[in-house]
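Counting in the working numbering, the sequence shown runs without a single skipped number right up to 83 at its last residue.
Derived from the structure by calculation, the hints contain no laboratory data. Incorrect hints may appear among the rest.
Unchecked claim - Straight-line C-alpha distance at most 20 Å; calculated SDA-like pairs for lysine to any residue:
#1 Lys48 / Ile36
#2 Lys66 / Glu54
#3 Lys16 / Asp34
#4 Lys38 / Lys49
As the list claims (entries may be wrong) - Restraint-style ranges between C-beta atoms, simulated for each label pair:
#5 Lys8 / Val44: 50 to 58 Å
#6 Lys49 / Ile13: 50 to 58 Å
#7 Ile50 / Lys28: 47 to 55 Å
#8 Lys8 / Phe31: 30 to 38 Å
#9 Glu26 / Gln47: 25 to 33 Å
Values in this document were obtained by computation on a predicted structure and should not be read as measured data. Beta carbons: idealized from backbone N, C-alpha and C, even for Gly.
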Amino acid sequence: MAPLARSKYKAQILNKIYEQRLQDLEEKIAFQEDTIQKMDSELVYQQKKIKSLEKSIFHMRETFKKIEDNMNLVDEVQLPPHY
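Put together the whole structure using the sequences plus the hints.
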């Protein structure tokens, strides 16, 4: 082969290699973007769930406090007068 033909052949091979590498990178980026989107959606869901659970815990604490206060009142009322 003549030197010009060889360099043209090498350029074609390099172009194919670069095209393949570029395609691989584009596929990886697309996969990463999809993964990030899924993680973002899951994070939003988890944050909403945490807020909901925190609200529930707050309400349970309030309810227990009221029950405890009511039990203390009942104990005071049931004590005999000589105490």
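Now for the hints, and whether the structure bears them out:
1. Among the hinted pairs, Lys48 with Ile36 is consistent with the structure: their alpha-carbon atoms are about 18 Å apart, no more than 20 Å.
2. Restraint check for Lys66 and Glu54: satisfied, since their Cα atoms lie roughly 18 Å apart, inside the 20 Å limit.
3. Between Lys16 and Asp34 the alpha-carbon distance is near 27 Å, which puts this suggested pair outside the 20 Å criterion.
4. The suggested pairing of Lys38 with Lys49 holds, with an alpha-carbon distance near 16 Å, which does not exceed 20 Å.
5. Between Lys8 and Val44 the CB atoms are about 54 Å apart, so this pair conforms to the stated range of 50 to 58 Å.
6. Checking the proposed 50 to 58 Å range against Lys49 and Ile13 shows it holds: the Cβ atoms sit about 54 Å from each other.
7. In this structure the supplied range 47 to 55 Å is violated for Ile50 paired with Lys28, their Cβ-Cβ distance being about 32 Å.
8. Take Lys8 and Phe31: their Cβ atoms lie about 35 Å apart, and the range 30 to 38 Å holds.
9. At about 32 Å, the CB distance of Glu26 to Gln47 agrees with the hint of 25 to 33 Å.
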